[in-house]
Amino acid sequence: MSVLQRDPRDRVQVLDEDGSVVGEVPDVDDETLLSIYREMKLARHFDTRAVSLQRQGRMGTYPPLSGQEGAQVASAHALDEEDWLFPSYREHGALHVRGFPLDRILLYWMGTEQGNEAPPDVNTFPVAVPIATQTLHAVGAAWASKLKAGEEAFIVYFGDGGTSEGDTHEAMNFAGVFDTPTVFFCNNNQWAISVPRERQTRSETIAQKANAYGFQGVQVDGMDPLAVYQVTRAAVEKAKADDSGELRPTLIEAVQYRFGAHTTADDPTVYRDSDEVEKWKRKDPIPRLETFLRDTGRLDDDRVDEIESEVQETVADAIQTAESTPRPDPDEMFEHVFAERTPDLDAQYESFAALREEFGDDAFLHR
Amino acid sequence: MSTQQTQNLTLVQAVRDGLHTEMQRDEDVIVLGEDVGKNGGVFRATEGLYDEFGGDRVVDTPLAESGIVGTAVGMAAYGLKPVPEIQFSGFMYPAFDQIVSHAARLRTRSRGRYTCPMVIRAPYGGGIRAPEHHSESKEAFYAHEAGLKVVIPSTPYDTKGLLISAIRDPDPVVFLEPKLIYRAFRGDVPEGEYTVPIGEAEVRREGTDVSVFVYGAMTPRTLEAAENLTEEGIDCEVVDLRTVSPLDRDAIVDSFKKTGRACVVHEAPRSGGMAGEITATIQERALYYQEAPVVRVTGYDVPYPLYALEDYYLPSVARIEDGIREAAEFR
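Residue numbers (the numbering used here), protein chains in the order written: chain A, 1 to 367; chain B, 1 to 331.
One chain only, chain B, in its complex shape (with noise of 0.2 Å):
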């Protein structure tokens, strides 16, 4: 592996990577969904894999989400790893039942007899001026879920390692990805097989006033605004969380230690959403350490915008730099 050589990719050109890599590894992964074969994908994650690999392994589905989460759950019953693709996020609401009722229990309704490896991929969240219902972000619903794991990558090299590793788990997964930044910028992504391991954070930025906890699409703004504040003297910690169910409690745990002030950056709706469960984790786990109350930048308890507001209720730079200021400043 010393010798692997490195491709400057997108993060969405990382998922195609991801896909294929596995694909020439096990030939019991099948790749199904909505325009995944010929077209390669609305976003062009499935590109070339139908040439590839066939149209019995890259399978262009009747238009019907709990079809395709539904028989991906008789699929891996029967032995194979199905990955299906739910055209965006904001779809999934029909394969919903199937998700939570089935996918997510079938291992402890069948005591093991049975087990359900797929990995569920759906482009998340907003911010590309997409159409009514195409841009949610939902992670909350499946974090929420026993038997699920719910993973979100925020770079190239994390989208292939951990979508590899969602590939191989062998229970359910939801991999959400931020469609946002799909293309908003490159990384270095070994060729060839590799893995990220699913429940571990990330420290992006290592600093020592305030710990900002963020995963997914926010990621880059959140660094953004982590940079730009070094300018009034505050030193932030950046910790992209990756997978959000499991939480990777110890790093948030071990990060707020460190600063004793925190801000939750994400643009899912506030009320019941992961910033809760890390703001409790942080009560339950450093309350001696903390110095000022857990600040969270999120989208509001409204229903997603069309796109000429959309800027008002994605965190911005500015609103993440004022989080991060409100969890400094406090005395």
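Bound-form chain A, shown alone (with noise of 0.2 Å):
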């Protein structure tokens, strides 16, 4: 039986707090759980020097991943080479399993749009600020897809939050009347700012959602790797197989919860009590993937410390490699707006070319 044919409250656990195993360990082999392990450890250091940088000016507001990372890497690890991913904006750790490059994400949040673009080889849509909007185009995009014979999954990330909008449901909706090869995977971390789950819907469960639109909604611990793994997997494969009798859009809830502020303009302490927070530090997805790896013989001590610096030294490039890049040219605010220049858009371009050439660049910098 599928593992995404159960009781939506039922929730899928491989791991428990301690890292034992309390469920079936999904078919993964040793070189993906390092790399799960890795890709984790990666995210959380990426996370803490990235809300250092924000808090040194060195960049602007940031959204933290960080508790969040089992939940986006496993599940992007779930994905096949050609399946496309649709983040909400704090996807970094599962933007980065796919191959988008860390400095670009930094970019982004330094204020350059040449951090929104994938590098042409990498699916990955630009990051969703407007809440759950980006379900829609990922449903869409599915739905193409599907008419033009594609043979790909499309997973799309979403907040508790998220749910509250009326895109979801348009979006969950759309994928279960047109039966598009879509995966919903609602990032549950338990609070949309400060507003706690219990206020965005009084379901029992997210997952259970997914009955309303006839397709099968799971739950699982958002903060067991295995366990995202596990699901995730068995819904891209039912994504893509049009005969298994089911429809193939998936909801899966993980369970989990953001450590840290919603972004660095945002105080947490206002509206949670640290007593909840230790709670829920306690289910820590790295601790609990690294005692299975040590408790199984895949992890030593030499291998975590060479994990260690191995991260240490791909951040630290990663920021060198952000802070060293140029800033935009001007220019670029006219480019790509569209395929051509319009006569209004060319006749502001010649205008703002003209004023930097007459007084340069100080003409535009008020201080």
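Okay, the calculated beta carbon distance ranges per label pair:
id	chain 1	residue 1	chain 2	residue 2	range
1	A	199	B	62	25 to 35 Å
2	A	164	B	35	25 to 35 Å
3	A	339	B	318	38 to 48 Å
4	B	190	A	350	32 to 42 Å
5	A	344	B	318	30 to 40 Å
6	B	235	A	360	46 to 56 Å
7	A	340	B	35	31 to 41 Å
8	B	35	A	30	50 to 60 Å
Calculated directly from the structure, the hints in this document are not laboratory data. Keep in mind it's a predicted model, so treat the numbers as computed, not measured. Glycine is no exception: its CB is placed at the ideal position from the N, C-alpha and C atoms.
Grab the two chains, each in its own frame, and use the hints to assemble them into the complex.
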């Protein structure tokens, strides 16, 4: 029986809080397991450094991901090469797993649009700052793929707050009606800025909302990377199998916690108890997987140290690359608005260029 | 093309003919919306397309405007050319976020990695005794948004040619159809494919005394007003803008330099409307030619009234004449 065919209240778990095996370990090769571990460590370290960069004034507002590494990294690992990923604004870890460079993620939050550009071979969409709008893009692209006989799956990430938005419901409704190969991945991190999950919906679970749209919904321990990998892989495989007898879309509710603030502009101590934070920190996905990997002989102190220094080096390199990337040429504002500049835009560009030529960039900079 | 046959079509039939022509030519073109399939659209703009192209290319969607436009964003990014229909422009607001936050910005945000070639079609405007929320004329919202083009035809010929241009355009186009004149008259429309360029105005009537700038459903009544005024010795030049964004500013300035007087006619509310933009263009580029203040004949800054009062809201031939007279007689 598929792991997706269960009561939405029956949360999937493979590792308990101590990293002991309590469920069925998914069929994952060692290389992937170690890669999940490494990418989670990387995401955690990246996050710590990004918050620090913001505090030092070297980066703008940034949305931290700590606590959500298990859900992001393991779900992205469950995708095949050709699959597409539609992020919210917090999916730095998932994006990186798919090959989106860390330095570009930093550039985006440093206020440079080129940080939104996916490399040509990476099927990831730009991050969505409006809440849940990206759910429809994922369904539309999945629908187009189905019409063109493509064979990809399309995963879209959104938060528990996002389930309150109309777009999420329109997206799940369209996905059901048109049977699109979409995986809806809800990062239920308990808080939409300061408003708790209980004030987003009176449903007992978010997963059960899938019932209303005719497809399967499953709740998973989002801080258990093995469980996340297992359900996401099952959802991806079902999305691609039009003969499974089930509708292709799946709603995954990954129950987890955002350890830090919503963004660096937010102070969670105003609305959250420290007891609550401590309770959830005991479920941290990184030590859980590390314990499992050590217990099963896949990891030892030497390898852990090695990974630790690799991760630090990778993040340091990304920061170095981002900070040494020249600021965008101001002309770029006028590029990519349309395929070809309209006469109005051309005239505005000419006037902009003439001002720069005459007075230099000082004419624009208000100090 | 010289042997091209023509048909005598209404404006809404020209919409249908334009869609049909492009769907035949390009299998990536897909029409989606509420009632566009079997029913052929509430105004019959998609009549027969479902039978010819099937339910995968002429898609009856669930009733959800944000869903229709939002999924079209994803489709366009993947490589299709979606033509979503919103049943009435007054129902576009649930999709507004998807149009302005995503369709208009996808090219910029992804630095060209993804683009959003789609045509959002909607009948717009009043005068057909429709219920509340069915008569709005809010082209200025979309013209204000960078990354969108906004087209409003006024003849069957232009409708087909502009719609084909819009579908082939690599960027998102809001295509507003003047439903007041969907069936008011017929015009010659060539069979097969031809295009009318987006962003070019057309002089509908040459004249020397006053330039009248207009588009969409107000065009026929403006032409009527211009004819009537010849009896008073006022010779109007009527310029149909056809595209409100990008505006054909050269055409506006050229005409104004000839006459030195202008009247702008649109049914949208006055404040923040296109007439202000047209007036500013004249101020910026032809001030020394100006012999009279620019006169605006527009809808009022009131919510669109229920139909018992809509005749008082919409510019009538008499109001248009009065506005033109004001521009002509200023000394």
